[in-house]
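**Q** Read top to bottom, the protein sequences are chains A and B. Quick note: the first sequence, position 244, residue 244 per this note's numbering, numbers continuous. Positions in the second sequence are counted from 1; adding 1000 to them yields this note's numbering.
One or more of the hints may lead you astray.
[Stated by the list, open to error] Covered stretches of chain A, going by a simulated chain B footprint (3 or more residues, C-beta under 8 Å):
1. 205-217
2. 321-331
3. 334-346
Quick caveat, the hints were computed from the structure, so don't treat them as lab data. Built from N, CA and C at the ideal position, the CB exists for glycine as well.
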Amino acid sequence: MVELQLPTAKDENYRYVSLRDVAWTKQDSTTVLKEVLPEDWSSIDADQGLRVLLQGAYAKPQVLEDKDFKGVQLSVEARPVFEKFKDDFFCGLIGEEKTLVVKVPRGFNSKKVLRLSDVVASGVPTTIHRCVIEVAEQVDLVIHNDLSNEKKANDHKSSFVSILHFEIADESRVKFFIDQSLTTSTAFAFRHSAVVGKNSTLSYWGYHKGASRGQHRVECIVAGEGGHSEVKLGVRAQNKDAIDIWAQNYHNVKNTTSDTKVWNVLEDEAIVVFNGNIDIGIEGLYTQAYQSNKNLLLSDKAQVHSMPKLEISTDDVKCSHGATIASLDSDQLFYLQSRGIDGPTSEKILVDAFGYTVLSEIPLGSVRNRYLGDEGDFL
Amino acid sequence: MSKTIFEVKNLEVSVEDKKIVNDLSLSIKAGEVHAIMGRNGSGKTTLANSLMGHPAYTVLAGKVILDGEDITECSPDERAKKRLFLGFQYPVAVPGVSLGNFLRTSLGFVRGEEIPKKELRKLIKSEATALNVPDDFLSRSLNEGFSGGEKKRIETLQMQLLQPKVAIMDETDSGLDIDALKLVAEKINSLRSPDRGILLITHYQRLLEYIKPDQVHVMIKGKIVKSGGASLALDLESRGYDEFAGASNG
């Protein structure tokens, strides 16, 4: 099993800790991809819809260190085995390295949410999921990535690694939501990145509750004029959970925007580390970029290390960053209790409300309701 | 003869080691409306919050008795379940909690039973309409982005729904325009009944033009220094609080 080594706030080499080593660990060949929607993919004509091919090609991802982007990109060298699928816009490639490549054609408009389910199999020490999603021009796409353990996996320690890269061409909109219900015995490491083209938007939501150790890293390069990236992440950490969150936006062309919101709720002895960065290069004139990190501490022993940062190398930009760390508001608690609502329920209401502004914007009704119950459904 | 529905006996309250309410006693009979009037900083809101059991206020001495039961040690939610209600001067905003769901939760706790959704929806909408609270308010976050007057109407709506034995209304008139004031006063008046008591807390006599109190108390420096009938409010209006301030010293 691969142990994730979470960095501490004192670690000078913090940004380069662990993930790369974890990511390239050779995996067990048992399972990565269990399901790709549409479920009836096999009946869809290649000219009309999506096609999934789960085997028969080979892809070799590479880590590229690029000083300009300060990030990691995946380079995929694909060699379709089946000639007849070579021009398909949606092609899953699974070989020894198990990388899925999704190619979304120009003008594609998903009529429903595409669901990508990852299941950590019982008995598999490390599951690695690599996925590259290439989005052509004028696409409108919604994807839900759902992570969970196989049943009976509670007693098994395992790690889940997700490497996902979006390459979004011009004039497209992509909404992506990832949530995990991994067991406490599972550690996770996400390394997600995106390049957003001209006048395109990436809306990225992530929600964590369950796994006791994890690192979630999101890096967006807003590479085209008029491009926008929106990153919203939520963490509910309990017991001795240790969760590491990274959110970075790079702007090096003019007239781009980004908005990052990260909220964490911590109980017991949980620890969350947040590293946020807005990096604006010399070409990034008129960038508007915002970043906030809100933390709610429900225990004296819970810890948050919040490090929002700005790196600005040009003039005429609008940026803000900030962090708040607070406990429950005593006046709000009193107000709810004065209306007969008991203490524990009042606290739960306020905790749920803390994340509402992020959770209420989840683009998938079924997922939204999973976290918000029937809030808003009553009237 | 009416029974006493609410009684405050020799109450002393401190906040952060500073005594704010000092040996205050009050007795409200069922069916009565009392008004406490006092200038800014006289301890009115401290009194209201401590009567509702705010944990930041320390009761140093005295008792609070609701319908014959000593509730001095009760938590705020226990007091609410015993049908004590506080209409706040500044209702706090709770972003992310919709007014509709909040009302549903509150009613469920106070009544101690799950009320069928359909019935509850009908009840809430009917009371909301009567107070000119638009439907869309119910799906908005509790007290967030509402004007002062709208918040007071929402407080009044809660009072209507919870049907308390004793309602304490802390400066309900502030932030209300004339029409809203009349509407809220009408609702408070409609709540008057032989088995209920109402305690109004206010600066001005204005509210008392619409809600005629049975007794008026003047509060200075945490103490009730003078009590009388409704005409006392008129006296205060013409003579000001200074004249009564001497009483608290002597």
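**Q** It remains to establish, for every hint, whether it holds in the given structure.
**A** Hint by hint, here is what the structure shows:
| no. | hint | in the structure |
| --- | --- | --- |
| 1 | 205-217 | violated (count 0) |
| 2 | 321-331 | holds (count 3) |
| 3 | 334-346 | holds (count 12) |
Checked against the numbered hints given earlier, the structure breaks only hint 1 and satisfies all the rest.
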